[in-house]
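Trainee: Place chain B on chain A using the hints.
Here the protein sequences come in this chain order: A and B. Under our numbering, the letters of the first sequence match residues 1 to 296, in that order. Under our numbering, the letters of the second sequence match residues 1 to 174, in that order.
No lab work stands behind these hints, which were simulated from the structure alone. One or more of the hints may lead you astray.
[Claimed, not checked] Derived, one-sided and incomplete: chain A residues facing chain B with beta-carbon distance under 10 Å:
| hint | residue |
| --- | --- |
| 1 | Asp33 |
| 2 | Leu184 |
| 3 | Leu186 |
[Stated by the list, open to error] Computed cross-link-like contacts, SDA-like style, restricted to lysine to any residue with a CA-CA straight-line distance of at most 20 Å:
| hint | chain 1 | residue 1 | chain 2 | residue 2 |
| --- | --- | --- | --- | --- |
| 4 | A | Lys265 | B | Val140 |
| 5 | B | Lys53 | A | Pro144 |
| 6 | B | Lys127 | B | Asp41 |
| 7 | B | Lys53 | A | His188 |
| 8 | B | Lys127 | B | Tyr43 |
| 9 | A | Lys265 | A | Leu229 |
| 10 | A | Lys265 | B | Gln144 |
| 11 | B | Lys100 | B | Ala59 |
| 12 | B | Lys53 | A | Asn143 |
| 13 | B | Lys100 | B | Gly65 |
| 14 | B | Lys53 | A | Val146 |
| 15 | B | Lys53 | A | Lys265 |
| 16 | B | Lys29 | B | Ala92 |
| 17 | B | Lys127 | A | Leu145 |
| 18 | A | Lys265 | B | Asp84 |
| 19 | B | Lys100 | B | Ala52 |
| 20 | A | Lys265 | B | Gly65 |
| 21 | B | Lys53 | A | Leu145 |
| 22 | B | Lys53 | A | Leu229 |
| 23 | A | Lys265 | A | Ile235 |
| 24 | B | Lys100 | B | Ala89 |
[Stated by the list, open to error] Where chain A lies over chain B, by a calculated footprint (3+ residues, C-beta under 8 Å):
| hint | stretch |
| --- | --- |
| 25 | 136-145 |
| 26 | 157-164 |
Remember, it's a predicted structure, so these values are computed and weren't measured experimentally. Glycine included, each C-beta is placed from N, C-alpha and C at the ideal position.
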Amino acid sequence: MDQPLPLRGLLAGLAFSCVLASPAAAQESALLDGGKLLLTNGVATIEGTSGGGLATWATISGRETDVGVGLSAHGTIIELPDYGWTSYGLSVGLFDRVELSYARQNFDTRDVGTALGLGEGYMLNQDVFAATLRIAGDVVYGNPLVPQIAAGVQHKRSSDTPVALAVGAANGQGTDFTLSATKLFLSHSVLVNTTARLTKANQGGLLGFGSAGENSYSLQFEGSVAYQLSRRAVIGAEYRTKPDNLAIAREGDWWDLFAAYAVTKNLTVTAAYVDLGSIATFDNQRGGFLSAQLAF
Amino acid sequence: MLILAAALLTQSVAEPPVDWDKEFGVEEKMRDPVTGEFPVDPYVQGDGNAGAKPFDGVAMADAFGGQAGIRRIANRTVELSEADPRIAAIFASHDMVRLKRTLFEQFCYILNAGCIYTGRDMTASHKDLGVRTRDMNALVENLQRAMREENVSFAAQNRFLAKLAPMSGAVITR
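Same shape as in the complex, but just chain A (with noise of 0.2 Å):
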């Protein structure tokens, strides 16, 4: 199986930055705009699409608007008590109206790897392709009770197929449709996004798709609450429910909460308190997250 590569997400971004900082030009040319608000165009999640961390937004990843093209690099550590994690993804934003991005999981079993009988160490991985289109509404402007609403297709492909099937999924394979609507509430400097998801995924689909007693779609629920503390700076609480389709170990809800820091227009740290529960009968797994997003 691939070996972590925790730094590549971040070292694929900085090649970004590098390749587009080159031509002075590019802020001012019309495709590549970089128009849009500090902090609106949401920070990567661990699907690689544009949300707060756990949970995917109605926002469009990169910072172009509507006459332009936006880019964006994000790599993702968590650390738990059982296990590691690492995402890295690149994502393109389309005048603010179409979002498709890519993600890379790896997920580092350590010890379990040993108890589960699969190695110790042993890396569950997962490719997330993933298209977000923007339907209504503005995250900022308009009617400040209209918020900007979005549906989404996440496309998951597990890379261990039979670890997936040996733990009772039905499948290594699945794909997630989501409907979000995020507003910032200016007024209260608070931005509240809700999405809802359709999944069959066990552990986001690190653990396959369904099981053999429940292969249907359900409905999950996202939330996520965030506070402006300035231009830069946001912190915020989210809330993700998951189905429970494995018999051989119990899968409960996702929370966090984050930090959030654009350093710069084009760089942003966040950093969060993870709680994602038992995962493959291991509970408590909660610990930190720490990502950083670069974004044109």
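Mentor: The following block gives chain B in isolation, referenced to the frame of chain A:
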């Protein structure tokens, strides 16, 4: 030779230069000697033109430093935008004296700092400017900077922006 030169001279004196502005009916706009503003076509005045209802109470006016602070913020926003390569072209051919006054009045009225708004409504005042979302974002950033320089708290900045953000539909025309 001399006669020819004299004839030419006489001819040029006899025919005064053509006033093309007059020929084509162009009226020269003159700044008002008192206000320094160019005249505008008549329109119906009213606070409704400000595009938002004012805040209750004096908390917001205080947060913005009263009329003096609001005037500095309005002027600074205009000056930053005139010097901002992203949007300077939109401001270049317009009456900045009048804009500074009407923007001050609009801010002052909405912040309930004791002004009436005498400018045009948001649709009329932004017609033909061709403002895009990215231009409005640039203006918002300049306003944020002006408010920051006047030490307006971020929460109060956002409360004010909440009054302005719904105007996007009238401001953004392409």
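Trainee: Next, verify each hint and record whether it holds.
Mentor: Verification of the supplied hints:
1. Asp33: 6 Å, holds
2. Leu184: 9 Å, holds
3. Leu186: 4 Å, holds
4. Lys265(A) / Val140(B): Distance ~15 Å between lysine 265(A) and valine 140(B) Cα, so the pair holds.
5. Lys53(B) / Pro144(A): 14 Å, holds
6. Lys127(B) / Asp41(B): 14 Å, holds
7. Lys53(B) / His188(A): Measuring from Cα to Cα gives roughly 17 Å; hence the hint holds.
8. Lys127(B) / Tyr43(B): 14 Å, holds
9. Lys265(A) / Leu229(A): 16 Å, holds
10. Lys265(A) / Gln144(B): 15 Å, holds
11. Lys100(B) / Ala59(B): 23 Å, violated
12. Lys53(B) / Asn143(A): Since the Cα atoms of lysine 53(B) and asparagine 143(A) sit roughly 14 Å apart, the hinted pair holds (cutoff 20 Å).
13. Lys100(B) / Gly65(B): With a Cα-Cα distance of about 17 Å, the restraint between lysine 100(B) and glycine 65(B) holds, given a limit of 20 Å.
14. Lys53(B) / Val146(A): 19 Å, holds
15. Lys53(B) / Lys265(A): It is violated: about 33 Å lies between the C-alpha atoms, which goes past 20 Å.
16. Lys29(B) / Ala92(B): 16 Å, holds
17. Lys127(B) / Leu145(A): This hinted pair is violated, its Cα atoms lying about 26 Å apart.
18. Lys265(A) / Asp84(B): 17 Å, holds
19. Lys100(B) / Ala52(B): 18 Å, holds
20. Lys265(A) / Gly65(B): 29 Å, violated
21. Lys53(B) / Leu145(A): Within the cut-off at roughly 16 Å; holds.
22. Lys53(B) / Leu229(A): 26 Å, violated
23. Lys265(A) / Ile235(A): 18 Å, holds
24. Lys100(B) / Ala89(B): Holds, because 17 Å separates the two Cα atoms, which is no more than 20 Å.
25. 136-145: Coverage by chain A holds here, the residue count being 6 at a Cβ distance below 8 Å.
26. 157-164: Coverage by chain A holds for the stretch 157-164 of chain B (4 residues, Cβ < 8 Å).
Checked against the numbered hints given earlier, the structure breaks hints 11, 15, 17, 20, 22 and satisfies all the rest.
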